[in-house]
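*Asks:* Protein chains in written order, with the working numbering: chain R, 1 to 385; chain C, 1 to 289.
The set of hints was computed from the structure by calculation and includes no laboratory data.
Among the hints, a few may not be true.
One-sided and incomplete, this derived list gives chain C residues near chain R with beta-carbon spacing under 8 Å [as the list claims (entries may be wrong)]:
no., residue
1, Asp17
2, Ile21
3, Asp65
4, Ala182
5, Gln183
6, Val186
7, Ala187
8, Ser188
9, Ser189
10, Leu190
11, Gly191
12, Ala192
13, Arg193
14, Arg196
15, Ala205
Virtual Cβ for every residue (Gly too), placed ideally from N, Cα, C.
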Amino acid sequence: MSQVTVMERTPHIAKPFVASAAPAASDGSRIGFENVSVTYGALTVLHSFTLTVNPGEIVALIGPSGSGKTTALRAVAGFVRPSGGRILIGDRDVTHLAPYDRKIGMVVQNYALFPHMRVEENVAFGLRAHGAAEDVIKKRVPECLAMVGMSTYAKRYPRELSGGQQQRVAIARALAPKPQVLLLDEPLSALDAQIRRSMLDELAKLHRDLPNLTVLYVTHDQSEALTLANHIGIMRDGKLKAFGGSQSLFRHPPNRFAAEFLGRANLLPVTDVQPLDEQMAKVRFGDVTLSARNHHGLARGSDCLVCVRPHDFRFSRASEPNSISGTVLSVQWQGDVHNITFDAGGETVRMTSAPMANPPRIGEIIAVHFDAAEVTLVPEDASHG
Amino acid sequence: MAEAAIAAAPAPRLRVDSLWIAPPLLILAVLFFYPLGLIVRASFGEDAPSLATFEQVLMSSRFLDGLYHTIVIAVSATAGCLVLGFILSLIIAFVPFPGAKMAGRLIDTVIALPTFLVTLAFTFIYGSAGLLNETLMHVFSLDLPPIDFLYSQWGVILAEMTVYTPFIMRPLLATFSTIDQAQIEVASSLGARPLRIVRQIILPASLPALVAGGSLCLLLTVNEFGIVLFIGAKDVITLPLLIYSKAIQEFDYTTACVIAVVNVVLSLGLYSLYRLAIAHFGGRRAGLV
Ligand SMILES: Nc1ncnc2c1ncn2[C@@H]1O[C@H](COP(=O)(O)OP(=O)(O)O)[C@@H](O)[C@H]1O
Ligand SMILES: [Mg+2]
Numbered sequence: 001m002s003q004v005t006v007m008e009r010t011p012h013i014a015k016p017f018v019a020s021a022a023p024a025a026s027d028g029s030r031i032g033f034e035n036v037s038v039t040y041g042a043l044t045v046l047h048s049f050t051l052t053v054n055p056g057e058i059v060a061l062i063g064p065s066g067s068g069k070t071t072a073l074r075a076v077a078g079f080v081r082p083s084g085g086r087i088l089i090g091d092r093d094v095t096h097l098a099p100y101d102r103k104i105g106m107v108v109q110n111y112a113l114f115p116h117m118r119v120e121e122n123v124a125f126g127l128r129a130h131g132a133a134e135d136v137i138k139k140r141v142p143e144c145l146a147m148v149g150m151s152t153y154a155k156r157y158p159r160e161l162s163g164g165q166q167q168r169v170a171i172a173r174a175l176a177p178k179p180q181v182l183l184l185d186e187p188l189s190a191l192d193a194q195i196r197r198s199m200l201d202e203l204a205k206l207h208r209d210l211p212n213l214t215v216l217y218v219t220h221d222q223s224e225a226l227t228l229a230n231h232i233g234i235m236r237d238g239k240l241k242a243f244g245g246s247q248s249l250f251r252h253p254p255n256r257f258a259a260e261f262l263g264r265a266n267l268l269p270v271t272d273v274q275p276l277d278e279q280m281a282k283v284r285f286g287d288v289t290l291s292a293r294n295h296h297g298l299a300r301g302s303d304c305l306v307c308v309r310p311h312d313f314r315f316s317r318a319s320e321p322n323s324i325s326g327t328v329l330s331v332q333w334q335g336d337v338h339n340i341t342f343d344a345g346g347e348t349v350r351m352t353s354a355p356m357a358n359p360p361r362i363g364e365i366i367a368v369h370f371d372a373a374e375v376t377l378v379p380e381d382a383s384h385g
Numbered sequence: 001m002a003e004a005a006i007a008a009a010p011a012p013r014l015r016v017d018s019l020w021i022a023p024p025l026l027i028l029a030v031l032f033f034y035p036l037g038l039i040v041r042a043s044f045g046e047d048a049p050s051l052a053t054f055e056q057v058l059m060s061s062r063f064l065d066g067l068y069h070t071i072v073i074a075v076s077a078t079a080g081c082l083v084l085g086f087i088l089s090l091i092i093a094f095v096p097f098p099g100a101k102m103a104g105r106l107i108d109t110v111i112a113l114p115t116f117l118v119t120l121a122f123t124f125i126y127g128s129a130g131l132l133n134e135t136l137m138h139v140f141s142l143d144l145p146p147i148d149f150l151y152s153q154w155g156v157i158l159a160e161m162t163v164y165t166p167f168i169m170r171p172l173l174a175t176f177s178t179i180d181q182a183q184i185e186v187a188s189s190l191g192a193r194p195l196r197i198v199r200q201i202i203l204p205a206s207l208p209a210l211v212a213g214g215s216l217c218l219l220l221t222v223n224e225f226g227i228v229l230f231i232g233a234k235d236v237i238t239l240p241l242l243i244y245s246k247a248i249q250e251f252d253y254t255t256a257c258v259i260a261v262v263n264v265v266l267s268l269g270l271y272s273l274y275r276l277a278i279a280h281f282g283g284r285r286a287g288l289v
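Could you build all of it, start to finish, from the sequences and the hints given here?
*Replies:* Next comes the structure, spelled out in structure tokens:
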């Protein structure tokens with residue numbers, strides 16, 4: 001044992017580790033899932049999962065509880081063995097590598113700080129495990145604590161810190177050995193709303209400071225995903241239901257589940273798609289004709305859904321194009337917005353509007369319209385959902 | 001005025017409450033303090049109280065030998081229990097193998113068995129006419145049993161380890177189940193191999209359980225009687241055995257009582273250490289795990 005300790009402290013062993021992290025990190029590390037399946041007994045919780053996180057990117061995995069997000073992340077970390085497929089970090093196939101050989105940083109929901117170690121020892125843990133020299137540790141630990149704004153807490157024990165502070169330490173601890181890949185599993189879920197908001201800003205800033213860090217961010221909170229991620233993957237029942245750039249996924253969801261999960265879209269059932277040009281198409285909603293983006297190139301004459309975000313609706317006075325009308329079901333004032341639901345041809349539709357002095361009353365008939373360029377036709381996916 | 005009323009209020013309740021201590025005290029007095037007092041009294045001789053017997057006994061080689069064996073056996077057995085218990089608990093708690101749950105339950109069963117039973121089983125297996133020796137003698141055509149560690153200090157230590165290791169494992173397994181799995185996983189993702197995780201994460205979290213279990217073990221082994229008697233090694237005389245032979249075989253009650261007093265003092269000393277350790281670790285680590 002003492003021999004190991006002595007070896008670990010020699011700068012000769014430590015040097016390549018720290019040195020390699022700095023310049024090599026400039027090209028970052030890709031995370032690749034290739035047809036990864038995970039089963040627990042007879043239960044398959046990840047079905048042939050394929051996803052790539054490009055170097056320096058933040059990809060958020062979102063989905064309801066139990067959809068397999070944590071399982072996917074743990075497969076990268078090495079805590080679940082895939083029953084099929086491959087996992088790549090950079091060009092390395094890590095599928096059968098032990099967790100301690102994968103060189104990843106990991107942050108979990110409950111922080112999991114080591115309770116009997118001071119903050120600085122927590123942060124130094126990964127460096128020591130990698131055999132870094134004492135003078136390297138002395139330099140790196142304050143650096144990491146400064147990065148998360150925890151410099152003055154180095155001597156504290158975890159129990160002497162608030163939740164937000166503990167999570168900062170957990171992030172510093174994960175980043176100390178300069179991993180190229182950072183895995184975050186619901187890192188903000190245990191924090192209250194206000195702190196969550198500010199931590200989200202800090203995570204975004206952290207990634208601006210470490211632009212080469214590849215991040216896989218698991219959350220059930222779509223606003224975290226939209227704020228942080230370049231790309232978002234939406235999961236359900238162990239399958240990737242949708243994947244795309246955050247904005248494009250929000251604006252042009254490829255299916256009903258993606259539209260509803262990301263941003264709680266209204267999905268009005270429409271019929272008889274009539275493409276107008278490359279981009280736009282006309283559809284029928286009851287006895288009105290609406291136009292929308294045909295982003296997914298739906299075929300002439302088919303039935304589908306039109307995806308309208310609650311904030312895309314405007315009150316219309318005369319019969320403007322893309323106008324629908326309905327009976328007000330509820331009106332709710334929320335300070336900076338009014339939330340209104342109305343019944344349009346049997347569909348309950350949600351809209352938000354700037355606060356009004358005279359909001360519509362329940363039972364009143366209102367007419368609203370939307371900008372055709374802002375809404376997208378979405379294929380009905382009940383058959384293959 | 002109001003303050004006086006508030007201050008006065010708890011007083012009568014306190015007096016009624018304090019009455020509840022009387023019955024347990026009474027029972028304790030009859031069952032414990034009185035007999036203990038008799039032993040202490042008897043240790044000072046039958047007539048005028050004197051320390052003469054104390055001097056005599058404490059200087060005698062039989063007593064010193066007994067004290068030596070008691071301490072060596074207790075300390076070795078406890079150390080053995082701690083090491084064995086820690087390793088076995090680690091395996092049961094962290095190495096996924098079929099039957100790990102069963103193994104955990106078996107621990108409780110061993111605790112429930114009378115201590116001499118294990119010794120008896122030991123005799124059947126390792127004794128001079130036991131399974132192992134018979135087999136070896138048969139296979140290698142030997143005249144004498146080749147294995148005779150059982151009738152020595154080592155036999156006693158091994159038997160005590162077998163009996164008392166579960167007493168270490170139980171608090172340990174309870175502690176292990178409270179260790180956050182995420183801590184172990186994070187440590188592993190930070191590059192820590194299993195041995196480092198055991199040393200730096202699991203062991204520190206287990207210290208209170210090890211100290212508590214170890215102290216209990218030490219107490220029990222210092223006072224162990226049945227196992228030593230059943231092994232029946234000629235040269236291995238411990239204090240409890242010495243008390244027994246003085247009182248029951250030699251009718252030397254004064255000497256027996258002197259040794260008993262020493263034994264009680266030893267036990268109480270260990271118990272105080274145990275309380276101190278619990279207070280230290282329990283207090284410092286409270287709310288940590
Ligand atoms: N160790 C396990 N044994 C059996 N089933 C598990 C285990 N871990 C997770 N599961 C199951 O796998 C599914 C996905 O879980 P998880 O990946 O934790 O979902 P999420 O993180 O999206 O909430 C769930 O149905 C869960 O019950
Ligand atoms: Mg999860």
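*Asks:* Which hint numbers doesn't this structure obey?
*Replies:* Hints 1, 2, 3 contradicted; others consistent.
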